[in-house]
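Residue numbers (the working numbering), protein chains in the order written: chain A, 640 to 890; chain L, 640 to 890.
Treat each hint with caution, since some may be false.
Put simply, identical chains are the same to the list, so a pair is met inside one copy or across any two.
Unchecked claim - Below are the DSBU-like pairs computed for lysine-lysine, each with C-alpha atoms no more than 35 angstroms apart in a straight line:
{"no.": "1", "residue 1": "Lys696", "residue 2": "Lys765"}
{"no.": "2", "residue 1": "Lys850", "residue 2": "Lys790"}
{"no.": "3", "residue 1": "Lys642", "residue 2": "Lys707"}
{"no.": "4", "residue 1": "Lys733", "residue 2": "Lys707"}
{"no.": "5", "residue 1": "Lys642", "residue 2": "Lys806"}
{"no.": "6", "residue 1": "Lys868", "residue 2": "Lys733"}
{"no.": "7", "residue 1": "Lys655", "residue 2": "Lys781"}
{"no.": "8", "residue 1": "Lys781", "residue 2": "Lys883"}
{"no.": "9", "residue 1": "Lys839", "residue 2": "Lys655"}
{"no.": "10", "residue 1": "Lys790", "residue 2": "Lys854"}
{"no.": "11", "residue 1": "Lys733", "residue 2": "Lys867"}
{"no.": "12", "residue 1": "Lys697", "residue 2": "Lys790"}
{"no.": "13", "residue 1": "Lys765", "residue 2": "Lys839"}
{"no.": "14", "residue 1": "Lys733", "residue 2": "Lys850"}
{"no.": "15", "residue 1": "Lys733", "residue 2": "Lys854"}
{"no.": "16", "residue 1": "Lys868", "residue 2": "Lys781"}
{"no.": "17", "residue 1": "Lys707", "residue 2": "Lys854"}
{"no.": "18", "residue 1": "Lys642", "residue 2": "Lys696"}
{"no.": "19", "residue 1": "Lys642", "residue 2": "Lys655"}
{"no.": "20", "residue 1": "Lys695", "residue 2": "Lys765"}
{"no.": "21", "residue 1": "Lys696", "residue 2": "Lys707"}
{"no.": "22", "residue 1": "Lys839", "residue 2": "Lys790"}
{"no.": "23", "residue 1": "Lys883", "residue 2": "Lys868"}
{"no.": "24", "residue 1": "Lys883", "residue 2": "Lys790"}
Treat the hints as calculated values from the structure; they're not laboratory data.
2 protein chains.
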Amino acid sequence: MDKISHILLNRSTIRKYSPQPVESDLLTELLEMASRASTTGNMQVYSIIITRDAEKKKELSPLHFNQKMITEAPVVLTFCADFNRFNKWCLLRKAEPGYDNFLSFMTASIDALLAAQTFCIAAEAKGLGICYLGTTTYMAHKIIDVLRLPKGVVPVTTVTVGWPSEKPDQVDRLPLEAIIHHETYSDYNDEMIARYYREKEERSDSVQFIKENNKETLAQVFTDVRYKKGDNVYFSNMLLEVLKQQGFMNQ
Amino acid sequence: MDKISHILLNRSTIRKYSPQPVESDLLTELLEMASRASTTGNMQVYSIIITRDAEKKKELSPLHFNQKMITEAPVVLTFCADFNRFNKWCLLRKAEPGYDNFLSFMTASIDALLAAQTFCIAAEAKGLGICYLGTTTYMAHKIIDVLRLPKGVVPVTTVTVGWPSEKPDQVDRLPLEAIIHHETYSDYNDEMIARYYREKEERSDSVQFIKENNKETLAQVFTDVRYKKGDNVYFSNMLLEVLKQQGFMNQ
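Please build the complete structure, drawing on both the sequences and the hints.
Below, the structure written as structure tokens:
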């Protein structure tokens, strides 16, 4: 098997990092690769905030629910949807930007995420470990303050980066047939759902999760403990408020 | 330079494909790699619709503004935010899903986009060429009909895939310093904007664009021709309507 296939198929998220620093030159090289990712109309409507400073990491930490990767990783990257820079260019060049709307937010988010994933694959190819933090969209309103993001800029995801000090087992994935559809979407019946989720449900760590949380099924661990409706609704409203405040909801 | 760095740094979007088919086994191998991409809480809340059928491509073509890659590429992949499968699992397992909100849409979109970009890098490493189509978020309402996407599923991006029959020059990118920030966002002044966009403005194809479109500046080609406010507002409203219809706006 070629090296790239091997890396992509055998990767794991890394949450524990060695104290060894990530050199500036290496980080720059990886960011250069990220900047070659596809981008809508070659507008590059995203920015990457690099956090190395220990004080800044401490400020960010509670906004990521104190997940220890934030303070323990040598480098934290916040990938942002960013129309601010492009808008400023338009205004300087006698052009009237029309990017203060939801479609433009999605365009900029897509740009940011393609760059983020390119960075992560480039980093893993060099032997670094990465972890995505989904908390960014929950706490965007506070991350904006800490990173001083102006109007037109919204944080979309955060990645911690460092040299691995763990070698975790690979976690499960659904069988490929569960996530692909040919020509049109073939909706799932109960038998298919049961079959596709069986491996996940039967894993010893899943059984442990159910027991620890006093639940009857693994799905209940997700709905009642990990990703609760109340939290989702609360953070949805916050995020929609952020989009308004940052100037992306002027329809 | 190692092979992965070389591929990531020297890639170009490919819009012209040879008639040579993309073998099923190869496509499956690439999709397996994509399925190892990071995903929120290992929920894998995305689906990939594979279009190979010529009739289906014809149906999709106008929804992508008749960009010829849709009908000419052997494979078209539509990456979708998908909570439908996960919701069905919850309901089958006596759990009450709370994922009918905007935060969950963003979570699922992030999953879909990380899988999409992993697929693209894996494909390019095998010598295939890819092109992203930004039109997916514009025309989501019609793509949903053609691909028969149920509630809980929204198309986020589309990728065309095939063996290259062109070797385009690499397009420009902003200097790296223009898209990164250290510790906090350092906002741009006019001098910085002029410096960062100079290369793009001075390219011969940019000069040609300005002339062809009877504009004074390159920025005006973007605001007045390519990405117009009126279109953005119109498609923003359509996309927000899609989110409601597909069950992602129940705050």
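- prompt: Are there hints from earlier that the structure breaks, and if so, what are their numbers?
  reply: No numbers; nothing is violated.
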